[in-house]
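**Q** Given chain Y, work out where chain L with the ligand should sit, using these hints.
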Amino acid sequence: MDDYRKPLPVVTELNRPFWDGARREVLQVQCCTECGHLRYPIAEVCPRCLSGGVEWVPLSGVGEVFACVTYHRAYAPEFSDDVPYTVAIVQLDEGPRMLSNVVGPGRLDARVGDRVRVVFDAVTAQTTVPRFRLAQD
Amino acid sequence: MTNVSLKDRAAVVGVGVTEQGRTPGASNLTLAVDAFVRALDDAGLHKDQIDGLLTEPGTTEFGWALDYLRLGEALGINPSFTHTVMQGGSTAASLVQTAAMAVATGQATYVACVFGDTPRTSRGPRTTDAAHGNAEDSWGVWGALGAITWSAMSASRHMALYGTTSEQLGEVAVSARLHASLNPEAVMREPITLDDHRESRAIVDPLRLLDCCLVTDGGACVIVTSSERARDLRSTPVSIAGMGQAYTTEKLGHPDWWYGPHQRTAVTRAYEMAGIEPGDVRVAQLYDNFTISTILWLEHAGFCGVGEGGPFVEGGRIRLGGRLPVNTHGGHLSAAHPEGWLTVIEGVRQVRGEGGDRQVADADICLVTGRGMLLNCASALVLTR
Ligand SMILES: [Zn+2]
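From first to last, the protein sequence lines are chains Y and L.
Using the numbering used here, you'd call the opening residue of the first sequence number 7 and step up by one each time.
Using the numbering used here, you'd call the opening residue of the second sequence number 7 and step up by one each time.
So here's chain L without its partners, still in its complex pose:
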């Protein structure tokens, strides 16, 4: 593939994370504004310097195409570049890529990527909607309700083909909780054991309660600018060295949809741009809406072979101090939900060296991945110092 490489053309210069958990009284919009203000402060920027505004509408108030306008008005800014997209847990890393392209091509100078969501305190979309997926699918007819369905299907088939065990999924959950216990922003900080996982109730077998991510309210913001401008700002710049996206739009129509071949493509593209190999990655933040997702990402990112994700996580390999610390903030499983956003922000913090008690030594190359919708969308970033 030939391209005008975006390697190291843009950098993350500001991150903002609101309170996570239950935020009664807050709306998607107020959380987005809060996150934006925090990220501005982190970068040392004034709001009027932001001339690019990229948003993901919350899952509970689909602002869809108008989301950027609503937020811009609330912030009192009049940008020269905007974009709103919904790719579920893939959106955050995808918007950072759009931001990098915008600054590299001169369409904007300082781009804020913003999200706020209240799935915990407000009623989400009714899950019995027979049109879940699309009208012709009518999957609710068969009781296929909730986002858990598709990851449970992935786990079912991965277990059948490769012998992956529930205990291996449990190790992913235990590892995430261990990391969350070291993260003051995490919602669930009480350590758990493999026994706790085994004894947690079955939700959609083969997934148990402790295989599932949290459902929490919160906001997040990431500010991107050119690598040149980044050097003059308050924070330690984190370079966007590689990026990639890919999609499997077909669901039942694609034999490998359950496994996510697009995830591998997205990571491979990011590695190629950054000029790195899996062995160069020091820490990884991998989208973990369910424990099986972490296993799939480990395979797609080339840390192990196809089907080897289960054995790979054994023995603490993805825990702090292990060969490849994964989701050092606790992930969606234990830190908080904002789909894919804290994954990106933890990547930034690790590369900056601001991980506190959970800091990985020499975390100078971090892989960040997101996946969203009905497993369809994947995005990947390589962040470096």
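Pulled out of the complex, with its shape left as it was, chain Y reads as follows:
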């Protein structure tokens, strides 16, 4: 796995629980201890009440495609073996929206509104990236 050349997350003290969670195959986001708002993107303070109090809470990992696009061009050479690949904004059932990929069967036919479920892609020994597959209903 050491030959993984694509960008890796910039892990900071702030976002470390997200990436540590992914390694344990848990999709978790910040929950404001003051107002209960579930927030993503990861942020220092709650954008609703400006409290810095935070608790990381696991999500179901289930949601639907909010918008999705398919890259036919590799904007960096590291992605040239991947095209065509799908990038989506996923509307998670608990509220937050997340940028990710749709992978697996039917990925190129993913449409807005399709149900998806998180999967965890261990790209290096240290890093696991959450992505989504179309849900088999």
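It is worth saying that the hints were derived from the structure and are not from the lab.
Even for Gly, the Cβ is constructed at its ideal location relative to N, Cα and C.
One or more hints might be untrue.
Unchecked claim - Sample of chain L residues lacking proximity to chain Y, with all beta carbon distances greater than 12 Å (derived):
#, residue
1, V43
2, L72
3, T88
4, Q113
5, E314
6, E360
Said to hold, decoys possible - One side only, chain Y facing chain L, incomplete, derived with CB under 7 Å:
#, residue
7, P15
8, A73
9, Y81
10, A82
11, L105
**A** This is chain L with the ligand only, laid out in the frame that chain Y set:
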């Protein structure tokens, strides 16, 4: 909203456009200087009369906060009012507003808004940067690279919610190219058809090659002064009758970020100041980094309802001779890239009646809009004779 209205307090009196396209050997700075000299000549001003200097740093050499100093030194001017801001394609129309405020409040007399950029010949910021957006987002991890991502997301959702089609996007591209064919300054002047659009390769589906703007080098400058002083200058003054800005800073955190609710707010504020309605607009220059952007602006500017932008462009409605000619210079899609700057300048030229073969008859009220960064920033101007 109550305010001390800036309606018709300031006017555009000079515009300058450098060669656009590939300009090997030129830098952001030399293009900015070139554009400044051309705008001075257009206005009939001497450089030492410029006492306000507003700049947008190029996308390829982020001078950021020091950009105004570097340009001022190069021009040998020592202004009393400066400002540098980066709002991407929204910057040009936004700086014109700052200029209008500066002259209306007496902080400056003649304000030059200047830009130069060389994205075509110099290497831009590395797009694989995992921190694209901000460090915590790490969007490059998922391969979300390039400015096209966010407009492709907009198109994806607009198509899903409203049935907008690729062919309707194609009509935007065909219309822009038709206008560019009439513009001697445009980079891409060979007319295209809907078939050409359909057959152009997919880049980031649903956007194809001909849905994308050009990437070109170039400079641009706009000079603003008070409406009183404007009357004594060489050029036909173009009044800044209305202005507005708005921002959606939240991206994934805002459910409508992809659609750009701030765009509507910016235009509405400009209309209100000018005292006009959408039906009064005779020609519109709408920021078109991708074809979907034109569709969104048509809706936000009230030319059609939400979700009706696709059908609106059908049948040549936004072409010259149509009900609402849009991007009469060819836009970012076909004229040249300088983000948002030629949009403003084409608005000025149309209102002056200097559009040549692409002049819209009675173009006495023009809407100009800009949008930039990750869809975040929007600005709007109403220009009148
Ligand atoms: Zn809160």
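**Q** Run every hint past the structure and note whether it holds.
**A** Hints versus structure:
Every CB of chain Y lies more than 12 Å from the CB of L:V43, the least distance being 36 Å, so the non-interface label holds. Every CB of chain Y is more than 12 Å from the CB of L:L72 (nearest about 26 Å), matching its label as outside the interface. With a closest Cβ-Cβ approach of about 32 Å to chain Y, L:T88 is found to remain outside the 12 Å limit, as its non-interface label requires. With a least beta-carbon separation of about 33 Å from chain Y, L:Q113 lies farther than 12 Å from that chain, consistent with its non-interface assignment.
Residue placement check: L:E314 keeps its beta carbon more than 12 Å from all beta carbons of chain Y (closest about 19 Å). At roughly 38 Å from the closest C-beta of chain Y, the C-beta of L:E360 stays outside 12 Å, upholding its exclusion from the interface. Against a cut-off of 7 Å between C-beta atoms, the interface hint on Y:P15 holds, since the closest Cβ of chain L lies about 4 Å away. This hint holds: Y:A73 has a C-beta 4 Å from the nearest C-beta of chain L, less than the 7 Å allowed.
A least Cβ separation of about 4 Å between Y:Y81 and chain L falls short of the 7 Å threshold, and the interface hint therefore holds. Taking 7 Å as the C-beta contact cut-off toward chain L, the hint placing Y:A82 at the interface holds, the least distance being around 4 Å. The interface hint given for Y:L105 is met, as the beta carbon of that residue sits about 6 Å from the closest beta carbon of chain L, less than 7 Å.
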